[in-house]
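Q: What follows is each chain in one-letter form.
Number of protein chains: 2
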Amino acid sequence: MAGNTDTEVLIGGKVYTLTGNESEEYLQRIASYINGKISEYTKVDSFRRQGADTQAVLLELNIADDYFKARQQLEALQDTLEQKEKELYDVKHDLVTTQIKLKSMEDTLKELQEENNENQKKIVRLETEMGAGRRDEGNSPGNIQDISRGGHNRRRK
Amino acid sequence: MAGNTDTEVLIGGKVYTLTGNESEEYLQRIASYINGKISEYTKVDSFRRQGADTQAVLLELNIADDYFKARQQLEALQDTLEQKEKELYDVKHDLVTTQIKLKSMEDTLKELQEENNENQKKIVRLETEMGAGRRDEGNSPGNIQDISRGGHNRRRK
Numbered sequence: 001m002a003g004n005t006d007t008e009v010l011i012g013g014k015v016y017t018l019t020g021n022e023s024e025e026y027l028q029r030i031a032s033y034i035n036g037k038i039s040e041y042t043k044v045d046s047f048r049r050q051g052a053d054t055q056a057v058l059l060e061l062n063i064a065d066d067y068f069k070a071r072q073q074l075e076a077l078q079d080t081l082e083q084k085e086k087e088l089y090d091v092k093h094d095l096v097t098t099q100i101k102l103k104s105m106e107d108t109l110k111e112l113q114e115e116n117n118e119n120q121k122k123i124v125r126l127e128t129e130m131g132a133g134r135r136d137e138g139n140s141p142g143n144i145q146d147i148s149r150g151g152h153n154r155r156r157k
Numbered sequence: 001m002a003g004n005t006d007t008e009v010l011i012g013g014k015v016y017t018l019t020g021n022e023s024e025e026y027l028q029r030i031a032s033y034i035n036g037k038i039s040e041y042t043k044v045d046s047f048r049r050q051g052a053d054t055q056a057v058l059l060e061l062n063i064a065d066d067y068f069k070a071r072q073q074l075e076a077l078q079d080t081l082e083q084k085e086k087e088l089y090d091v092k093h094d095l096v097t098t099q100i101k102l103k104s105m106e107d108t109l110k111e112l113q114e115e116n117n118e119n120q121k122k123i124v125r126l127e128t129e130m131g132a133g134r135r136d137e138g139n140s141p142g143n144i145q146d147i148s149r150g151g152h153n154r155r156r157k
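Those sequence lines, one after another, are chains A and B.
First residue of the first sequence? That's 1 in the numbering used here, and the numbers climb one at a time after it.
First residue of the second sequence? That's 1 in the numbering used here, and the numbers climb one at a time after it.
Mixed in with the good hints there might be a few duds.
[Said to hold, decoys possible] Simulated coverage check for chain A against chain B, where a stretch passes if three residues somewhere in it have a Cβ under 8 Å from a Cβ of chain B: (1) 6-17; (2) 28-34; (3) 39-47; (4) 60-66; (5) 77-90; (6) 98-111.
To be clear, the hints were calculated from the coordinates, so they are not data collected in a lab.
Even for Gly, the Cβ is constructed at its ideal location relative to N, Cα and C.
With the hints as extra help, turn the sequences into a complete structure.
A: In structure tokens, the structure reads:
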């Protein structure tokens, strides 16, 4: 807003000098809005027939009606905003809860993967040992000696 | 809103009969608001010194100022609401994405747990087989025969 300035506005065909801290642009917009109301009303016979005092009060009532309607819209919008904020709060809460679950599950998954890797290594090791064990059984020097000795024994008889 | 009714309101000490589809309660609230402005303004010397026409225009300007200020608030609130809706949309989107990730991770975790169970069973089975294998090795009839036969052989010499 600009500082205190004098602004001349034309309302209902008369010039008024307004002093205040509102910008000239803002005051001209208000003047233009009031002139719109005046020209709208003066088209109506029943309005034109009224005295200046009554015309002024009817205009005031009409402008105040616009104000009250805007305030009603404002209240409705504030309610809507409150609902949205509540919804936003709830959804954010859900998001955080879900993110915490996800983080915890990632940790569990990592542990399980490590455990699984260890188990798989263990399986390979066990299978290797068993494979070696079977080869040992099949080719054990004891068995070969046993057979050869048995043979020699038999040949010696 | 009530149907078309006549409502008498007192504004600036004069009675006006208003016809319209607004409720009497609403029109009385507007009348009361305008009377508040009038009594506020008539306390100010510079206002009292003005002619009736100028006083009326000043009142119109002041009420219109309230209306414009309410409209500014309305616009600001609409902007805030839009931002909240955008934020809500984004957070909902994040929530859905996180929920999908969580679901997928739950599936992976379940598979991994099953795989892990299978691996653990396999380890137990392999270890049991190996244990049995070692017992077989330790008590194999071949070995006993080998030793006993070797013993006999030595004794025979």
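Q: Tell me if chain B covers the region 98-111 of chain A under the three-residue, 8 Å CB rule, please?
A: holds (count 8)
Q: The region 28-34 of chain A covered by chain B? Criterion: 3 or more residues, Cβ-Cβ distance below 8 Å.
A: As far as the region 28-34 of chain A goes, the hint holds, because 5 residues have Cβ atoms under 8 Å from chain B.
Q: Taking beta carbons only, do three or more residues of the region 39-47 of chain A come closer than 8 Å to chain B?
A: Check failed, 0 qualifying residues.
Q: Mind taking a look at whether chain B covers the region 6-17 of chain A? Criterion is 3 or more residues with CB to CB distance under 8 Å.
A: Answer holds; 4 residues pass the 8 Å Cβ test.
Q: Checking C-beta pairs, does the region 60-66 of chain A have three or more residues closer than 8 Å to chain B?
A: holds (count 6)
Q: Examine the region 77-90 of chain A: at least three residues should have C-beta closer than 8 Å to a C-beta of chain B.
A: Coverage by chain B holds for the region 77-90 of chain A (8 residues, Cβ < 8 Å).
Checked against the numbered hints above, the structure breaks only hint 3 and satisfies the rest.
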